[in-house]
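Trainee: Chain by chain, the residues:
There are 2 protein chains.
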Amino acid sequence: MKSTMMPVPLSLNHLLERAGTLFASNEIVSRLPDKSLKRHSFGDYYRRTRALAAALQGLGLQKGERVATLCWNHHAHLECYFGIPAAGGVMHTLNLRLSPDELGWIANDAQDRFLVIDDVLLPLYRQFAHLYKFEKVIVFPFSGAPVPAEFTDYEALLAGADPDAFRYAPHDENDPVAMCYTSGTTGRPKGVVYSHRSTVLHTLVASLGDFWGLRGTDVVLPVTPMFHANSWGMPYGAVMMGVKLVFPGPHLHPDDLLDLMQLEPPTLSLGVPTIWMSLIQTFDAAQNPDSPSHGRWKLPVGMRSLVGGAAVPEALIRAFDQHGIWILQGWGMTETSPVATVSYPKAELRNASMDERYRRAAMAGVPVPLVDLRVWGDDGTEQPWDGHSVGEVQVRGPFITGSYYPQEAAPRPPEGALPGLGRPGAGDHQVSVNPEKFTPDGWLRTGDVASVDAMGFVKITDRTKDLIKSGGEWISSVDLENALMAHPAVAEAAVIAMPDEKWGERPLACVVLKPGRSVAATDFGPHLLGHGFAKWQLPERYEFIDAVPRTSTGKFWKMKLRERFASKT
Amino acid sequence: MKSTMMPVPLSLNHLLERAGTLFASNEIVSRLPDKSLKRHSFGDYYRRTRALAAALQGLGLQKGERVATLCWNHHAHLECYFGIPAAGGVMHTLNLRLSPDELGWIANDAQDRFLVIDDVLLPLYRQFAHLYKFEKVIVFPFSGAPVPAEFTDYEALLAGADPDAFRYAPHDENDPVAMCYTSGTTGRPKGVVYSHRSTVLHTLVASLGDFWGLRGTDVVLPVTPMFHANSWGMPYGAVMMGVKLVFPGPHLHPDDLLDLMQLEPPTLSLGVPTIWMSLIQTFDAAQNPDSPSHGRWKLPVGMRSLVGGAAVPEALIRAFDQHGIWILQGWGMTETSPVATVSYPKAELRNASMDERYRRAAMAGVPVPLVDLRVWGDDGTEQPWDGHSVGEVQVRGPFITGSYYPQEAAPRPPEGALPGLGRPGAGDHQVSVNPEKFTPDGWLRTGDVASVDAMGFVKITDRTKDLIKSGGEWISSVDLENALMAHPAVAEAAVIAMPDEKWGERPLACVVLKPGRSVAATDFGPHLLGHGFAKWQLPERYEFIDAVPRTSTGKFWKMKLRERFASKT
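So the protein sequences, as listed, match chains A and B.
Counting from 170, one number per residue, gives the positions in the first sequence under my numbering.
Counting from 170, one number per residue, gives the positions in the second sequence under my numbering.
All the given hints hold, so there is nothing to weed out.
Since the list gives no way to pick out one identical chain from another, each pair is judged satisfied if it fits inside one copy or across any two copies.
Straight line, CA to CA, 25 Å or less: simulated PhoX-like cross-link-like pairs of lysine-lysine:
| hint | residue 1 | residue 2 |
| --- | --- | --- |
| 1 | Lys305 | Lys171 |
| 2 | Lys704 | Lys671 |
| 3 | Lys171 | Lys232 |
| 4 | Lys729 | Lys638 |
| 5 | Lys606 | Lys171 |
| 6 | Lys724 | Lys606 |
| 7 | Lys683 | Lys724 |
| 8 | Lys729 | Lys683 |
| 9 | Lys171 | Lys302 |
| 10 | Lys704 | Lys638 |
| 11 | Lys204 | Lys467 |
| 12 | Lys671 | Lys638 |
| 13 | Lys729 | Lys606 |
| 14 | Lys683 | Lys467 |
If you're looking for bench data, these hints aren't it; they were derived computationally from the structure.
Work the whole structure out from these sequences, hints included.
Mentor: Dropping the structure here:
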């Protein structure tokens, strides 16, 4: 017996058409470089996006070819999210925080044919233009200034295209729509290629009530860059459900975000923990009557705040909850589209104490539908969900990557050639499977170490490479960091492993103090003992530093700390 | 270029495993025939469902074979929802409101191998047992009485199976999981066969925030029978999100439902309009201090009420809103899994008046994601979304049927044979496409006539066969019915077309008065004029009847009314 259901493919194009017909009057607000607000309706958005797609087809874009973006968060970047796939292309988001060398390397690895770039980012482009030649550089006049003559003007391109005459490129649901390179703290970045199918499925799952809980009446502020795992997929969800979008543009300073929240109060925002740490510190400082910003801001009470990209300290969750803002922590990575787990108040927690709720909220959360998750022990067996057995987190599902875009296999064009044109094999690369990243039975090895409790809450204890093994026992650097960050004088803390002759490894704590606070390193021992640590787990060494070095995605860059302190034993 | 995403199929089995590992402590409450409540945890449910699947495999169930169910709403029926597909079978829900002849015809058409039946429904089974022989009849001891020896005891079957040793039947996502026969008001029923893929996609879409808005903390009361388009798919959503389920069993009388709401207050309920009409009338009558039920019930304030299966009168929506209960109307059919449109408060209605909101809530709503919807005019062209152009609603999408299970093609067993065994072609029927139900370009013709407004709200004006064409102009029977039901003395109204020599057709209104109310037919004209009808649209004939005849799924059965009044011109 066969199913009688229609064989209709999943498609981003359906979501775009949906937005154009059902949500035409909804608003997209973009903050421009001069801090003014630019408003578009979804009706405008729909026509502009189809015009972009028509224009790209007019430029000869072929199915599967990559169009890179190097943009802040704004409406034109959202146009690329749907317009490039609509034309049959693959949107490749470049991370503007990478070095010119890295950008050149990645663009070459991806063999991007075109580049869409904000005019304000052209200085960055000029630093890597010699490393890779795009066939065409399309400049979005974000600042309003005229586009230099050697480039293609994004607005002129759209104005010259006819959205009504546009026809979607034929595709099946497994065809690619976007690619993103992982931001490994070590090693070369690796390309992940999303499909219509994986993107639609991830969008449906992440939008569900217990996770994003997206509704058409939401006002969403995506602080997470659109070049970080597609802003966690939120742009797709926003278009599907027809929410109002508020894009911060390049203005991510806490003062700017707080100002924007006054102008367009969000009901849902998303960003990494460091953004929210700075924001709450700035807000709290403004409560001082002597502050020049006193009385300038109100926080959007009732807002849901999606936080991910790094572990969220419990102290941060408590601080926001005091202001009526609930933090929903998510965990994932570029390889997982990215939402793999979300920490939401499960039904079992209905009668739990606030302490218990905070404790759970500070965990990575439970797997979302369509994601299988297991913890694989050092002994090569699956670990029980008992809240203490640890191992590597491994995941599987229809929006999890099963391979990486080939790095070595990609043809390298001769120096100075136009690699976007007529290169062999374009659109038909083989993918390679790296056994260090995938298990023989097809699960992704995430490199994160965790336990899972009986309720299904995943607690990340470390990256595999950041775990500290002292005298044969594991010490969690993440647990130490969270406890240190609960100290009233501490703004941030990063704990790394230092080689030790006697114990193998011992923890070293790097501490950033809050402005104006001082504390003796000897105070931390009693503080940590009060948080339930055993004496042998306490760091002997503390280093007071000005800031924790960060990767381009805002994660603690522990490799840099290890390099800095390795010589200072 | 290819996507790097894992080729993991969509599967109900994943949702079952998810429920077993993440929601083990959640509760499933079933009301038994004696009105007592039976409680199971999701942990119990998981083990029992796997035991059922193991037992079915032990009985030799082969991939794609049908297992019929003839059950009320309760935990064991939910076990069939996942256990039969887990074993590779196809759950075929039989509608206990059909006649014995129809049940026998449908079981034969589907070639069901086994039957799972409530013991309290055995009298119905005995009325059609001579028409079709199931290989095995598995009796669920719903009443607690011993199962007659000639049948297989469901509980003994589960007790004899090992859930831990169970292995899921291999499958791909297009393999069938369930089938349901349409309840056409005319013609033979037709089989619709759902797949893993279509069911998972429908579940994800319907569960989204603006539609069901399912969250793990919800308490869901499915009054809609599990044999009506799979209780609109809610059982799948409930398992995916881990909600608490409250099943009413056979007790659907308004008193019983109100009693159950006191014992287990729901946050979300679903049912057809007639159920809620009776319920609110019963509740309102109990507000009279002389009523024997005075003070017996409170309504669950804040509950969302999903209503579908027939048009929801605006008066009902207003009545419930006065009690703090918001009705979300949905529209769909067995062929559409079934949720195709939902009327939810769109962002554009944020500042709308309550009158405007009620008016929208009384429409079928806007298409949900993954559903393409168009209105096809008599002139063979797509109609604009202008709020007045009408035509047939046509839909397309991955959870819409593209054909029907073959009726004539199915092999007919010789009288008295055991058709479940060794019949040719079992598990590999061809499907047939009926051009009267599908357009040449692959859309489902729903047979409903509607307009769509600029916001995307679909307003069903009639079934194609119920539209009244008077003097070359269309009159909507649904509009007349809703206006009549807004009259304070009217409980229900059904309007049908009567042949007319001069005008072609004229409307005849069949009216059910509220208990103790009387009204002259001449009063209705001014009432309808006050609701915006033109004089030529008003019925000349009114018939006062005791009840509107209904189909097995609770829809107005206008064919019966036409038969009854055709001779009385």
